[in-house]
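Asks: Top to bottom, those sequences are chains C and A.
So for the first sequence, the numbering used here puts the first residue at 1; every next one is plus one.
So for the second sequence, the numbering used here puts the first residue at 1; every next one is plus one.
What the hints contain is simulated information worked out from the structure, not anything from laboratory work.
Built from N, CA and C at the ideal position, the CB exists for glycine as well.
It is possible that some hints are incorrect.
To be verified - With beta-carbon atoms standing in for the labels, derived distance ranges: (1) Glu74/A x Phe363/C: 48 to 54 angstroms; (2) Gly416/C x Asp36/A: 56 to 62 angstroms; (3) Gly130/A x Gly121/C: 55 to 61 angstroms; (4) Trp263/C x Thr123/A: 22 to 28 angstroms; (5) Glu74/A x Pro120/C: 56 to 62 angstroms.
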Amino acid sequence: MSKVVEISPTTRHEGHSKLVLKVNDAGIIETGNWCSITPVRGVEKLAVGKTPEQVPKIASRVCGICPIAHTIAATEAMEASIKCEIPKDALMLRHILQLANRCHSIALHDILILPDFYIPGTETKINPFTPEEPVRSVAKRIQRLREISQTIGQISGGEAIHPSNTRVGGMYRNCSQQAKVKMYDLAKEGLTLAHQQAEFMIAVIRAYHKRDFVDVGGMKVALPKTLGFHDQGYLATHAFYGSSSLDECPSWNPDRFKEARPWDWYMGEMTVDLEEPRYPIGGTTKVGTKVNPQMEACTGIPMYDGQPVEVGPRARLVTYKSFDEKGTLGQNVAREMEYQDCFYEMIDCIDALNPNGKVVADFIPDGDGSLGWATNEAPRGCDAHMARVKDWKVQYFSMLVPTTWNFATCSKALEGAPWQLAEVIMRGYDPCVSCATHMIVLDEDNKLVAQKLIQ
Amino acid sequence: MLYPEIVIAGCGNPLFADDGFGPAVIEEMQNLSLPDNVMIVDAGLGGPHFIFTLLDPEVTRKLIIVDLADFGAEPGTITKLHVEDLPPGAYRDAHSWDLAEPLQRIKDQIEVTIIGCQPAKVTFPEFELGISEEVQNAIPKTIRVILETIGVDYGTTRQYLQEEERQRGTAESCGSTEIR
Chain C
1 MSKVVEISPT TRHEGHSKLV LKVNDAGIIE TGNWCSITPV RGVEKLAVGK
51 TPEQVPKIAS RVCGICPIAH TIAATEAMEA SIKCEIPKDA LMLRHILQLA
101 NRCHSIALHD ILILPDFYIP GTETKINPFT PEEPVRSVAK RIQRLREISQ
151 TIGQISGGEA IHPSNTRVGG MYRNCSQQAK VKMYDLAKEG LTLAHQQAEF
201 MIAVIRAYHK RDFVDVGGMK VALPKTLGFH DQGYLATHAF YGSSSLDECP
251 SWNPDRFKEA RPWDWYMGEM TVDLEEPRYP IGGTTKVGTK VNPQMEACTG
301 IPMYDGQPVE VGPRARLVTY KSFDEKGTLG QNVAREMEYQ DCFYEMIDCI
351 DALNPNGKVV ADFIPDGDGS LGWATNEAPR GCDAHMARVK DWKVQYFSML
401 VPTTWNFATC SKALEGAPWQ LAEVIMRGYD PCVSCATHMI VLDEDNKLVA
451 QKLIQ
Chain A
1 MLYPEIVIAG CGNPLFADDG FGPAVIEEMQ NLSLPDNVMI VDAGLGGPHF
51 IFTLLDPEVT RKLIIVDLAD FGAEPGTITK LHVEDLPPGA YRDAHSWDLA
101 EPLQRIKDQI EVTIIGCQPA KVTFPEFELG ISEEVQNAIP KTIRVILETI
151 GVDYGTTRQY LQEEERQRGT AESCGSTEIR
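With the hints as constraints, model all of the structure from the sequences given.
Replies: Have a look at this one:
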């Protein structure tokens, strides 16, 4: 008799999502649904009628973690539609910006997954915030890597979070010679740290997957050797950057893409009948709660050649570097393997950047309404944007973000794993469930606050 | 170091109408000439993980957050809050590492001030561009309060700034702290 268990909200990733799992008597997942419960709607509608300059700025605000990937992909989709070729130095600046974002993201992801793992050779789980060695120096290294990447991103992109330097037709400004030297020095420092960090992480990840049992909230859970395996296929468009031309990159063809609706894909209404209060951070959902993934899921299911595919670091390594490890292990290892390559690539790009070169195209056409698309390999996978621009007005705009691809793929990958490890599989995808609004809501008994009102 | 002694971060999402208040204040402040030890950042949605977890307490002394706050006042009213006033879960790192809040971690070493504005409308989950008039009108006062908090006194009102802007005859910003 299968039972239903729900983990909501899932933790240690971006945004709000939940896992609804149908498990058998041994606690093994028969059907897994991972769905976004963050509603974000209307970017397609909002973009229509705006200028191609505005739309990348709008796209950048959809998420607080990946503004860089969205800005670059949206800008390049506009450029693809109006058929504008940008100068080489502008492209180099974008490459540097994008790689800086990736390097920051990997460091952040390391912090998020570390609490799942053990200090090798011990039974102690890693707490990234502990002041004790060896974890302390790892945490410091992660912080330094984040700082380095953020600084490089700030120099090349103009601003640290929502890059303001990119524009349709290139970049607003090139950087100075001093800024180039600074980026170079930082990248060299980052390269050494990335080597150390990747080696440490790969050792920790491999040690974890060699274990027979792991501990989840005091429960002893058997760790299957096939954790997170699926046979859905992979999609990647570039080893590092992205593409907006089928000649350059035949692997993403918009014609082969279809989108299914969530109600055709997810499970229907069910009642939770398995509850585990020991599960970390507040236990799982109470028995008797009604769940309905079909109606609650906020994302469509993108299909490529008729099925969901995996995007992300492993997809990139499988496509471009003959990587062959599967499952959550393969995914986490692939991400770390990318780390040093990112810095090597970044150093090459900084070398190639001419600070005196022009960064804006000589001629920026107004567009004739043809469909343009651009993909950008965001840290968590392929981010594809499509646009039509006519007479300097956007007629159509659509975003296909990485985690949307991975929602369905990960749901498949959950099958056959113990339900307690569902979040471990999910975190392997480094999910970024789109961000929401932010507002502080104070309770009504805020007399104290009211006194501090500024008149 | 990535962040200097004083950091002013505008939080919020311009896609949800008044939620764009923080970034709008920052945009306005980019026209000001500020001391070198002050950095203004359009944090957008990335504040908790790109700023609050990356501050170095040995360098940064003061953090000012500009955001919306629903405290039941007239739209456009602003208030000054401290970390202790915040309800649990405010500025929780969206990554929710261990459900700890980054501001709680840094508040003893860094002086954190939050300047909140009562919104007229937040359209979440539907996108809408543009800030309502009430909140728009709160921007000059907010900037005055920020300048007061960081101890910069130009004797400024927004009108004064605009006059000065006209005299300079250029909109080129001189307060940008970005490295170029």
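Asks: State for each hint whether it applies.
Replies: Hint check results:
1. Taking 48 to 54 angstroms as the suggested C-beta distance range, the pair glutamate 74/A and phenylalanine 363/C conforms, at roughly 51 angstroms.
2. Distance hint for glycine 416/C and aspartate 36/A: a CB-CB separation of about 58 angstroms, consistent with the stated range 56 to 62 angstroms.
3. A hinted range of 55 to 61 angstroms holds for the C-beta pair glycine 130/A and glycine 121/C, which are about 58 angstroms apart.
4. Taking the beta carbon of each, tryptophan 263/C and threonine 123/A are about 25 angstroms apart, inside 22 to 28 angstroms as hinted.
5. Against the hinted window of 56 to 62 angstroms, the Cβ-Cβ separation of glutamate 74/A and proline 120/C comes to about 58 angstroms, which satisfies the hint.
Of the numbered hints given earlier, the model fails none.
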